[in-house]
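> As a plain string of letters, each chain reads:
Protein chains: 6
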Amino acid sequence: MLTHLDEHGRARMVDVGEKVETHRVAVARGEIWMAAETMNAIRDRNVPKGDVLATARIAGIMAAKRASDLIPLCHPLSITHVQVDFMFRDPDEAHPQPWLEITARVEAVSRTGVEMEAMTAVAVAALTIYDMAKALDRRMRLMNVRLIEKHGGKSGDLLLEP
Amino acid sequence: MLTHLDEHGRARMVDVGEKVETHRVAVARGEIWMAAETMNAIRDRNVPKGDVLATARIAGIMAAKRASDLIPLCHPLSITHVQVDFMFRDPDEAHPQPWLEITARVEAVSRTGVEMEAMTAVAVAALTIYDMAKALDRRMRLMNVRLIEKHGGKSGDLLLEP
Amino acid sequence: MLTHLDEHGRARMVDVGEKVETHRVAVARGEIWMAAETMNAIRDRNVPKGDVLATARIAGIMAAKRASDLIPLCHPLSITHVQVDFMFRDPDEAHPQPWLEITARVEAVSRTGVEMEAMTAVAVAALTIYDMAKALDRRMRLMNVRLIEKHGGKSGDLLLEP
Amino acid sequence: MLTHLDEHGRARMVDVGEKVETHRVAVARGEIWMAAETMNAIRDRNVPKGDVLATARIAGIMAAKRASDLIPLCHPLSITHVQVDFMFRDPDEAHPQPWLEITARVEAVSRTGVEMEAMTAVAVAALTIYDMAKALDRRMRLMNVRLIEKHGGKSGDLLLEP
Amino acid sequence: MLTHLDEHGRARMVDVGEKVETHRVAVARGEIWMAAETMNAIRDRNVPKGDVLATARIAGIMAAKRASDLIPLCHPLSITHVQVDFMFRDPDEAHPQPWLEITARVEAVSRTGVEMEAMTAVAVAALTIYDMAKALDRRMRLMNVRLIEKHGGKSGDLLLEP
Amino acid sequence: MLTHLDEHGRARMVDVGEKVETHRVAVARGEIWMAAETMNAIRDRNVPKGDVLATARIAGIMAAKRASDLIPLCHPLSITHVQVDFMFRDPDEAHPQPWLEITARVEAVSRTGVEMEAMTAVAVAALTIYDMAKALDRRMRLMNVRLIEKHGGKSGDLLLEP
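Residue numbers (this note's numbering), protein chains in the order written: chain A, 738 to 899; chain B, 738 to 899; chain C, 738 to 899; chain D, 738 to 899; chain E, 738 to 899; chain F, 738 to 899.
Among the clues, some could well be false.
Which copy? The list can't say, so a pair holds if one copy fits it or any two copies do.
Stated by the list, open to error - Below, simulated PhoX-like cross-link-like pairs (lysine-lysine); rule was C-alpha separation at most 25 Å, straight line:
1. K786 x K891
2. K756 x K891
3. K871 x K786
Hints in this document: simulated from the structure, not taken from any laboratory.
In this text the structure is predicted, and so the values were computed from the model without any measurement.
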């Protein structure tokens, strides 16, 4: 016998040992679409579970620090900065409902980029908003979680949206 | 002095001690929109980091178990079942791009529902897919993460989508 | 050879399998002594790192859920309620400085008491306050972290302070 | 299109929601084979990093509580008892070297067995012993980690070794 | 609409990307006040749950490594040294009861100080002592957890107590 | 009074602050002995819980990132590469049963070696295999988990096995 396993598709953490540590930045953004009454309740701090955005902000920041613990092949690194911001938005052509915009900016001095940290911060902040307000509105949905920009590393600057 | 803080908006974990333990089910679903080449690479297991869906499935299952550790006011509970499924989808009227559908079903015997566990499984599976394939396609986006159905508890059955 | 180790002093998690699940409550309390300017900055939300009490409340709630992960022989259990409250206090006979009082109430339906969950919530909320305000005042100190009351279980009610 | 993924081999957490909670016990055991001088240093508490067995016992107990967080498809449950014991052993027919025996007993009232909790406690206690003593002996090896007995649940009692 | 949220009081992790990595040291200290019989039981290793100080030392060291996971805005960093020490103390003018002194020293090569790691080590070691001995004495209290000294970084040396 | 504790055997995390960061590699290996039918089921992906090796590989990689969180005195560090491989093996003189060989390679740029990360990856991958296949074969055993080679650091290269 002595059969080597077929290694096609075998998961492994990419080797970044040869990369140099540089200043890295990533910005990710997402949206939560919700009913107008839900948005009003969040804005007016009338949600029974408490201040939705303050809680979601903390959850997003803490999740950024745990990205490599949640995502199997994500490299661990020491974040130097995280910021999570929210903006209330009216319906428009692309958005049939009121929506809350979540933006996370993460920075580090590291061998790999911090996109996953920023994406994780947005996703977990959004999940927290869902959790806080779900008694009011179970039809909220998380939309358009995506990378907006990244800086640093060999691939240089990438600006996907203005 | 001796000023009580204004308790308006104060976050707290809702008291569920009076609720009875019942069989709970929640199903959540989400999508990742991606380029056709990205989807082909995932389906053909040609992504350099390894088998994308097998890795994302494990990440989603593990994240379901950690929902209460990530989401500040989410109650801890002991999950009895988690399943995460994927389906490749062609563009259609509502989807200008090929998309991958992620569905998570979570069950427990508990005092609270398991919506957050199912939503977290979908979100973390999606983040993992983004991480695995981001070298191919940084413009993937996570869409339509929402609750599909829930069963059990005082509020009974809720079927949001067929 | 075949020497049994001296088992004197050997740590072990106490067996609670024979105990019945009952409704458990514990209340713990602690204080942070600080300079008057520090307290003013916290109350007026003028601390550069952000809203101190909202952040500390979330940290305390999340830490209660993790008590058994931090404290080696503490039994895991599923908390049904956590509440963390703060009160600003003036100096008095027992307190030469202004002080912030932290109270945590934890409940569960469990085989063991929830004292450690309540004590951990107070301690981590206090550490968070120290972290948020330490640039203003490195001499803050955490005082009088203690159990106030507990209910449920074989030992019944215990009221250590009015 | 609309291709169902081949679901052959798809990982999922087995549904245990129909099982009843019963008293569960599992005992696992393992060995570390080491040089005679290493064993002497451990027994005499002459290892520079500190008391090897006290540290390994705590690590094993804490790891038992985290088994479902480490092992992807392992069900979370609330342990009611953990005990980790060590015994120094002389070489014999089956053991060409001195060896340290590690035994972990775990109990819970749960829907699934606690074998993985007991196996994890043994493995992490052994890893801790390796870590504490590796400066003395890098050739230590972990041997014979296996299940000894289990009780409770539908499959009843299982006694694999006397 | 398009209302920017009021950003007053918004929590964020301070940007330390511009700081240089230097050798950092922090020493924190705290006390547990207890009945004389409790102290005797701890010292004589007569506490039923096991060796109190060995367990608390491990808990404190492990907690130092997790400070940034517990405290929302605390930066992650890689600790290079942790030490936790205990000293039994008699009552004196400032201490009406026997007390146990806990001192934690933490070091790192990092962009931020390690005060929170040292403070967390003291607090969690103290919580562990409470947990181990609470069956003997529920009136123990944690006192005077404070920073003693810090070294390294732009602010230089700070010696708060001799 | 004022009794210094006997500090003999006191656990502490070794100070590595003076060491320089160098490229570190460690390779660890282990075996799982099992029945021929069990091995066939794993190889043919006929195990009801799902693809055993894909799941175990992910579990091993994630565990490598958590070694310092599991092992009390293990230093935290940022891994740059992890790879976990499996090979099916026939019985031979040293192995009375079919066996599955697990090899983990871990790299980092760090002040300490990565032996514990590699050993932990092997152990947790093995525990996962046990968990996935235990319904088929409760007599599997984990054997020969040991360090194979290490590179980097003051002690230089160490090749324990060819």
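> With identical chains treated as interchangeable, where does the CA-CA distance between K786 and K891 reach 25 Å or less: within a copy, between copies, both, or neither?
between (45 Å within a copy, 19 Å between copies)
> Indicate which option fits the pair K871, K786 if close means a Cα-Cα distance not exceeding 25 Å: within, between, both or neither.
within (10 Å within a copy, 29 Å between copies)
> Within, between, both or neither: how does the pair K756, K891 come out at a Cα-Cα threshold of 25 Å?
The answer is both: 8 Å in one copy and 22 Å across copies each meet 25 Å.
In this structure, every one of the numbered hints holds.
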